[in-house]
Amino acid sequence: MSTMNTVGRPTAPVPHQPEHDYKHPTLTGGRGLLQDEHLIFESDGWFKTGVDLPEPRGNGSDLGALVRHDPIGLPGLSEPQAMRHYVRLSQKNHAIDLALYPLGSCTMKHNPRLNEKMARLPGFSDIHPLQPISTVQGALELMDQLAHWLKTLTGMPAVAMSPKAGAHGELCGLMAIRAAHEASGEHARRRKVLVPTSAHGTNPATAAFVGYTVVEVAQTADGRVDVADLASKLGDDVAAIMVTNPNTCGLFERDILEISRLTHEAGAYFYCDGANFNAIVGRVRPGDLGVDAMHINLHKTFSTPHGGGGPGSGPVVLSAALAPFAPAPWVVNDGDSFRLVEREEDEAAQAFGRMCAFNGQMGMFVRALSYMMSHGSDGLRQVAEDAVLNANYIKARLSDVMSAAFPDGPCMHEALFDDSWLEGTDITTLDFAKAMIDEGFHPMTMYFPLVVHGAMLIEPTETESKQELDRFITALRALAAAAKAGDVERFKGAPFHAPLRRLDETRAARAPKLRWSAPEGHNMAAE
Amino acid sequence: MRYLPLTPDDRTAMLAAIGANTIDDLFVDVPQPARREGFVDLPRVSGELEVERALVALAAKNTAAGTVPFFCGAGAYRHHVPATVDHIIQRSEFLTSYTPYQPEIAQGTLQYLYEFQTQVANLTGMDVANASLYDGSTATAEGVLMATRVTRRNKAVFSGGVHPHYVRASETVVHAVGVETVSLPAAIDAEAAVIDAIDKDTACVVVQTPNVFGTATDVTKIAEAAKAAGALLIVVVTEAVSMGLLKSPGEMGADIVAAEGQSIGNALNYGGPYVGLFACRQALIRQMPGRLCGETVDADGERGFVLTLSTREQHIRRDKATSNICTNSGLCCLAFSIHMSLLGETGLRKLALLNHDKALATREALAAIPGVEVLTPRFFNEFAIRLPKPAAEVVDALAAHRILAGVPYSRLAPGTGMDDVLLVAATETTLDADIKILAEALTRVLAA
Amino acid sequence: MHFTKDHEWVRLDGDVATVGITKHAADQLGDVVFVETPEAGKTVAAKDSFAVVESVKAASDVYAPVSGEVIEGNVALATSPETVNADPEGEGWFAKLKVSDASQLDTLMDRAAYDAFLATL
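Protein chains in written order, with the numbering used here: chain A, 1 to 527; chain B, 1 to 448; chain C, 1 to 121.
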């Protein structure tokens, strides 16, 4: 059997009866402000609609047998019912606007509402991707301006704007690398991509997806890429290295210049995962580190909202060597006007293809530019400094009660702890995280990176005040004290105060139930 | 800076707690040559007023669809979105939450994903749907890859009616993986031509209905032929509202449906963000890409929802994952789901009929113009016409009169001998007056 | 019964080998939620990946300990994957192979050697 993930976590709740009843059941399932809310499919609304539309004329349809007659199975809700349904659901979610959301490597920062307002200007939101170019000059100018900011901040000469998320950007970057090797006739030989063991899962997934063999690079005891190991694996069969910097342990790769020099000497390209750009924006330009391609998660560093898991946006900055292979479309600034290169010919003859149907995540571009303009070059440098300061403050204030994975030297924008401090308590990282929920905080990233046992990765971001950080630190210190004092009960059964207790993931996966189905005899036909 | 809460005093106190003298002490690991002093060459901090002024000025340089007679489609459609939708998706708990990895405090997101999956499954007529992909085009590429995993075959055949950008986006990705593609020549009404291209290596055939020319097709026979040959049928839908009037892909035998969900709940946004709908038959779920939300119970036995079957995904399988996808289109799914809940079956059917009505009325007006030939035999809300002049020139001439007349096919696929073809779409937002203005202006432009 | 370092077990009965994963492997995986077993008629070489086992937190390939032709995959695991946890070295078997070279078993560990191997992990 192949390697097992032995640092995993329990996935089904253990039956647990707390000594005192933390949650006295109510008669209706409601709990104060928290309403018990059914599925829309269990509503009384199978024949209702919350949208008033004019009567169709129904004239001259020649669709004949193509017309759909069977019931579709879509309940309708009047507007007040719909509003309540979704507001009730919303109250079961944690959110940045509610409290600290310290998910390491996710950069959960404040989402300014000015960005939302700007993205909704009809001049941006109500334009079609295939309108005549003369009617979207402002949109192209905005894309050009955003590209300018991204290129200037990264010190890179080009950027592909169309990738729709970070992983899509990785795909774009690796395909540009592959196209460059194909153009130079070296693709057949260069079949490997080197990825450090601490990398985010998307890195090896992307490399394998594009057809490369993934070779892992060892990590040193201080949490960095093992340069000697890297050097021994580099050769004329390597297409690229994929390194996250700052890395997933929250550390800056001290030997990054040596890493890029060795990589280029071997004829390979340096793909940098830009997920952690927030730590260095305005202070370090990836172009100065020898990076050839790096995706930028606009939904991390540049504050476009995570929205419960998307949409994201992942423009990829490219070095001069890779720029000719960028995918269509892109914007060209002709001085007095802007145009869109959509065809893979002439100036785009070497483009490796197309990432998606249209022009990328325009709505996210507006938000990101709004954010960048608001901060300016001075504000963005302060972003990196405050993000790093906040993380180091947390690390400093918790290191005496929890075990920092890499205690020596500063961390960057996130602080990594392992679970060695929980040894002998019978409490796991997962238990600790679930107890944080009861204290009103979202857990940190757990069990990632895989190189640290029982990892707890805390990224506060720069938009937390010292007061909020102190509140968080106080809570974690109290929990740590409880764990060490043997208050196992508090952790094993947690959360007690969340809308739900621990969920049974094993049951969900063994017999997947992925949709609501009508019970026997249910009439879901519309009239 | 209004978004940064730390004061100079805070920073001093925190540095002291850390045991650092200056902020530079925290950046010591950055090698000296890469450290930048001072600010990069970009404008400095701006207040809301300045930013708003600058961006409003940029927005004003664009012609918003709602301000002119508007007939563009070809994979993105202008529909009315109820005010409730945008209000709800801007609630903090939806807008500013992360992927629901902690289900105890993310039931709001998880429940709407479960409802979304059910709505999409029912709309497409399939057994199950995932929690969305980036957009319709990337969903199509994922569908092809999934078909190669399921069949262990290595070739995909695209009909000549599939949106050229969908074909190109799919080719780009699947070629990188080593999958072979056959793309049939552009054809107004020939989805069934894929049948002749099926051989023993064919993993899937990809057809679109309504296709890029608007033609609606009953794909039942294609499904039968694919099944007989051991291949899968992928049905692409770029106008989700069409499924409120037309037979669902599932009813016609599709194995996988890859659709663009933008039409429901989401604005045009110049091409993104959109929401990729992805549905398939139950037997194929282990090979499905993207996030899936499933029902389970909590420790007290209460119903709840979790992300499930995640071993398919990159964060666990890493280089063995079914896809490298990480993000989905969370908030766009929510917009889709709210709009769909408001419409309900009654509203959706009515909306679809209204769209069809408007398109028929537009066809009638344009067909009467000398030199205009309607090419699409059966359509939902979009059809192709042949003009006596290059379509791009005509569109530009009409744009100069503030009329957005549609999408020239040459914009999608130049040099395919269809430079005189114009794709014209109408929706419930199209006014009778708009149709009249278009017909009169087109008559004048063609006569000139 | 013989064992591999990749935590598969194999039990020979005539020229038919029954193959599964060890109790140690099943415990490490946690709750098994999905098993994909090979179809009859497939020929596999020793160390080929020939089955997949998934828990909620991990997915692993299972390798053939010996070469041979698959006679039968344990289809019951498709609907009750929990059997792998409950009885990994019995009812939770993955496949039966018609062994092409029984001498390959000599390269594998016996129970004592495997237990000693586990102690070193």
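Be a bit skeptical, because a hint or two may be false.
Stated by the list, open to error - Per label pair, the in silico range of CB-to-CB distance:
| # | chain 1 | residue 1 | chain 2 | residue 2 | range |
| --- | --- | --- | --- | --- | --- |
| 1 | A | Thr152 | B | His401 | 38 to 44 Å |
| 2 | A | Glu345 | B | Pro377 | 46 to 52 Å |
| 3 | A | Leu98 | C | Gly41 | 54 to 60 Å |
| 4 | C | Asp48 | A | Ala228 | 52 to 58 Å |
| 5 | A | Gln350 | B | Pro377 | 36 to 42 Å |
| 6 | B | His401 | A | Val341 | 35 to 41 Å |
| 7 | A | Pro25 | B | Pro43 | 55 to 61 Å |
| 8 | B | Pro43 | A | Gly235 | 44 to 50 Å |
| 9 | C | Asp48 | A | Asp70 | 45 to 51 Å |
| 10 | A | Gly235 | C | Ala112 | 39 to 45 Å |
| 11 | B | Thr416 | A | Ala188 | 28 to 34 Å |
| 12 | C | Arg11 | A | Leu98 | 53 to 59 Å |
| 13 | C | Asp115 | A | Asp36 | 48 to 54 Å |
| 14 | C | Ala40 | A | Glu345 | 40 to 46 Å |
I should point out that these hints are in silico values taken from the structure, not numbers from a laboratory. Heads up, the beta-carbon is just placed ideally off N, CA and C, and yes, glycines get one too.
(request) Return the numbers of the hints above that this structure violates; sort them in rising order. (result) Numbers 2, 4, 6 and 14, in rising order.
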